[in-house]
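S.K.: Sequence:
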Amino acid sequence: MKDEGILVRDEYAALRSNQIDIPSEQAFVEGCDRLVWQFPMYWYSCPPLLKEWEDLVLTYGWAYGTHGDALKGKELMLAVSVGSPGENYHHEGEFGYTVDELLAPFKATSNLIGTVY
Numbered sequence: 001m002k003d004e005g006i007l008v009r010d011e012y013a014a015l016r017s018n019q020i021d022i023p024s025e026q027a028f029v030e031g032c033d034r035l036v037w038q039f040p041m042y043w044y045s046c047p048p049l050l051k052e053w054e055d056l057v058l059t060y061g062w063a064y065g066t067h068g069d070a071l072k073g074k075e076l077m078l079a080v081s082v083g084s085p086g087e088n089y090h091h092e093g094e095f096g097y098t099v100d101e102l103l104a105p106f107k108a109t110s111n112l113i114g115t116v117y
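Numbering follows this note's numbering, in which position 86 of the sequence shown is assigned residue number 86; successive positions increment by one, without gaps.
Treat the hints as calculated values from the structure; they're not laboratory data. Where hints are given, some of them may not hold.
Cβ pair distances, simulated, as ranges [claimed, not checked]:
1) Tyr42 x Leu112: 18 to 24 angstroms
2) Lys107 x Pro23: 25 to 31 angstroms
3) Lys51 x Ser84: 38 to 44 angstroms
4) Lys51 x Gly93: 36 to 42 angstroms
5) Val99 x Asp69: 25 to 31 angstroms
6) Ile22 x Val99: 26 to 32 angstroms
7) Ala27 x Glu75: 15 to 21 angstroms
No farther apart than 25 angstroms at their CA atoms in a straight line, the calculated lysine to any residue pairs in the SDA-like style are these [said to hold, decoys possible]:
8) Lys107 x Asn18
9) Lys72 x Asn18
10) Lys51 x Arg9
We put the beta carbon where it would ideally sit given N, CA and C, even for glycine.
Modelling step: build the complete structure from the supplied sequences, incorporating the hints.
M.R.: Laid out in structure tokens, this is it:
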């Protein structure tokens with residue numbers, strides 16, 4: 001979907017052959033100024049498809065490492081929904097961690113790939 005410069009990509013819909021097309025995904029991301037990963041939090045992390053996408057698309061030499069600067073300077077944002085009330089996500093709450101603390105691996109990924117979190 002495209003609306004006034006905003007491209008929305010449904011990765012589940014994009015997986016026609018049940019395989020992530022790495023060159024296509026990398027080209028898509030290269031054409032963006034800002035990435036927003038929108039997902040429901042599953043077991044204090046992202047759904048398996050997003051993790052697989054990260055593992056396959058964010059490759060050494062492209063997203064990080066030697067010459068890996070394809071995403072450098074782009075913005076990375078998260079739009080996350082959680083399955084419990086906000087008061088559960090505090091040090092004194094049921095889960096003992098804030099949502100921000102649980103999202104720390106995404107901040108570390110952003111640092112690695114050179115995006116602005």
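S.K.: Now tell me if each hint is right for this structure.
M.R.: Verification of the supplied hints:
About 22 angstroms separates the C-beta atoms of tyrosine 42 and leucine 112, a value consistent with the hinted range of 18 to 24 angstroms. Checked against the hint of 25 to 31 angstroms, the C-beta distance between lysine 107 and proline 23 comes to roughly 27 angstroms, which is consistent with it. A beta carbon spacing of about 21 angstroms between lysine 51 and serine 84 contradicts the range 38 to 44 angstroms that was offered as a hint. Remark: the range hint 36 to 42 angstroms for lysine 51 to glycine 93 is contradicted by a beta-carbon distance near 25 angstroms.
The hinted window of 25 to 31 angstroms between valine 99 and aspartate 69 holds, with their beta carbons roughly 30 angstroms apart. About 30 angstroms separates the C-beta atoms of isoleucine 22 and valine 99, a value consistent with the hinted range of 26 to 32 angstroms. Distance hint check: the CB atoms of alanine 27 and glutamate 75 are about 18 angstroms apart, consistent with the given range 15 to 21 angstroms. Our distance criterion of 25 angstroms between C-alpha atoms is broken by lysine 107 and asparagine 18, whose separation comes to about 28 angstroms.
Between lysine 72 and asparagine 18, the direct Cα distance comes to roughly 29 angstroms. Violation of the 25 angstroms bound is thereby established for this hinted pair. For the suggested pair lysine 51 and arginine 9, the alpha carbons sit about 16 angstroms apart, so the restraint of at most 25 angstroms is met.
Comparing the model with each earlier hint shows violations of hints 3, 4, 8 and 9; every other hint is respected.
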